[in-house]
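Asks: Starting from two chains that each stand alone, build the complex the way the hints lay out.
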Amino acid sequence: NAGVTQTPKFRILKIGQSMTLQCTQDMNHNYMYWYRQDPGMGLKLIYYSVGAGITDKGEVPNGYNVSRSTTEDFPLRLELAAPSQTSVYFCASSYPQDRGHEQFFGPGTRLTVL
Amino acid sequence: GENVEQHPSTLSVQEGDSAVIKCTYSDSASNYFPWYKQELGKRPQLIIDIRSNVGEKKDQRIAVTLNKTAKHFSLHITETQPEDSAVYFCAASSGGNNRLAFGKGNQVVVIP
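Residue numbers (the numbering used here), protein chains in the order written: chain A, 2 to 115; chain B, 111 to 222.
These aren't lab readings, by the way, just hints derived from the structure by calculation.
Treat the hints loosely; a few may be bogus.
[Unchecked claim] So the derived list for chain A, only partly shown, Cβ under 10 Å to chain B, looks like this:
1. GLN38
2. GLY41
3. MET42
4. GLY43
5. TYR96
6. GLN104
7. PHE105
8. PHE106
9. GLY107
10. PRO108
[To be verified] Cβ pair distances, simulated, as ranges:
11. B/LYS181 with A/GLY17: 37 to 45 Å
12. B/GLU166 with A/MET28: 25 to 33 Å
13. A/ARG78 with B/ASP137: 24 to 32 Å
14. A/ARG100 with B/VAL130: 25 to 33 Å
15. A/GLY17 with B/ALA139: 39 to 47 Å
16. A/PRO84 with B/SER138: 33 to 41 Å
17. A/LYS15 with B/VAL164: 48 to 56 Å
Glycine is no exception: its CB is placed at the ideal position from the N, C-alpha and C atoms.
Chain B on its own, in the form it takes in the complex (with noise of 0.2 Å):
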């Protein structure tokens, strides 16, 4: 099956700056690539996603970009706010029916 690797594990960043994380996926048949975005004690939500036939998308001070010869996608947060402190997960289509291979997840912390 698909398999779902984030780097780095925790990130901190002053605010104001940007911040990067990195996903690589394993199944080149994989065809969607969201990322969620997980508060202390709440429920991951999405936040932004890509699908195969797109390079990049941006959202605001949000953008993810692809590239699937080397298979990974990776999100960037520009103007990093304090609430932009989280847990940030990718994940990657995987087996049909709308399924998701999720990474371990980044701690990104925004330093005020």
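With the rest of the complex left out, here is chain A (with noise of 0.2 Å):
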């Protein structure tokens, strides 16, 4: 198994414009998860969705959306990026609680916005 997969490792922006960061997972994982980590800083959550067609905000939304039309992928889109946007940006998956707490994060992307 590949365990969580994200795309690209790292990407440039200019302000304003937009781009979509993908995850896949391949362990049939129902929860996926967006977060954010800026430098000397935890990880935030963005958004988060429990299973196919649902989606939900966490902490951090504004400037991100996401999809999640299959159980496999969760891309994340920045529409009008902002310098406040850089950060580095991990996607995490896991089984609902009744069947294990663990989150698995995938590599990260590392996004600088000009």
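Replies: In structure tokens, the structure reads:
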């Protein structure tokens, strides 16, 4: 199993540009999450999904959108990129809590907005 | 929502000594407390976790203790080795659906 994979690894955007960060998991996990990690800070939850067709906002959703059309994929869309969105983005997945709590993380996407 | 704080922010220890990192949380309804290790440039990985019905859990050189009354939990690393150098994040369950609230992380440096 590849686990959780993310593309791209790195990206530089200009202010106002848009992009989609891709996330795929092959563990048949129902739950998926998007976090951002700023230097010296912990992980902040952007959006999460408990299954295909269901998404919900986390702690810092402004400036982002998500979709969940399949169990495997959970893309994160940035519209009108701003310097404040410069961060490392991690996708994670897990089973529902009655089957285990562990969240498995992808390798991350380092995004710079100039 | 849940608020998780970690202390100290940086910890330096001599190889072979023990390291202890403490976290406090605010929501008494939280019932799951994991610790993640993140090496430089890598993804966070779970190293140990504890549920609220247990006071202590050990896995080889690492252990976690939970004090529900005081709302704090701690990570203990014994016989530290250079490969233990990393940032350690604590987290607490927050709001259901397996969501977690993370602390800001502790940089642990093991000095050979």
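Asks: Taking the hints in turn, state whether each one holds.
Replies: Hint check results:
1. The beta carbon of A/GLN38 comes within 9 Å of a beta carbon in chain B, closer than 10 Å, and the hint placing it at the interface holds.
2. Below 10 Å, beta-carbon pairs count as interface contacts, and A/GLY41 has one with chain B at about 7 Å; its hint therefore holds.
3. Hint status for A/MET42 relative to chain B: holds, with the closest Cβ pair at about 6 Å, below 10 Å.
4. Hint on A/GLY43 holds. Least Cβ distance to chain B is approximately 4 Å, under the 10 Å limit.
5. For the restraint placing A/TYR96 at the interface with chain B, the shortest Cβ-Cβ distance is roughly 8 Å, inside the 10 Å limit, so the hint holds.
6. A distance limit of 10 Å between C-beta atoms decides the matter here; for A/GLN104 the minimum to chain B is near 7 Å, and the interface restraint holds.
7. Look at A/PHE105: its Cβ gets to within about 8 Å of chain B, closer than 10 Å, so that hint holds up.
8. Checking A/PHE106 against chain B: minimum C-beta separation of about 4 Å stays under 10 Å; hint holds.
9. For the restraint placing A/GLY107 at the interface with chain B, the shortest Cβ-Cβ distance is roughly 6 Å, inside the 10 Å limit, so the hint holds.
10. About 5 Å separates the beta-carbon of A/PRO108 from the nearest beta-carbon of chain B, less than 10 Å, and the hint is met.
11. Checked against the hint of 37 to 45 Å, the pair B/LYS181 and A/GLY17 passes, with Cβ atoms roughly 44 Å apart.
12. A hinted range of 25 to 33 Å for the beta carbons of B/GLU166 and A/MET28 is consistent with their spacing of about 29 Å.
13. Taken as a hint, the range 24 to 32 Å holds for the pair A/ARG78 and B/ASP137, whose Cβ atoms sit roughly 31 Å apart.
14. At about 32 Å, the CB distance of A/ARG100 to B/VAL130 agrees with the hint of 25 to 33 Å.
15. At roughly 42 Å, the beta carbons of A/GLY17 and B/ALA139 sit within the given window of 39 to 47 Å.
16. For the hinted restraint 33 to 41 Å between A/PRO84 and B/SER138, the CB-CB distance of approximately 38 Å keeps it satisfied.
17. Look at A/LYS15 against B/VAL164: about 50 Å separates their beta carbons, and that is inside 48 to 56 Å.
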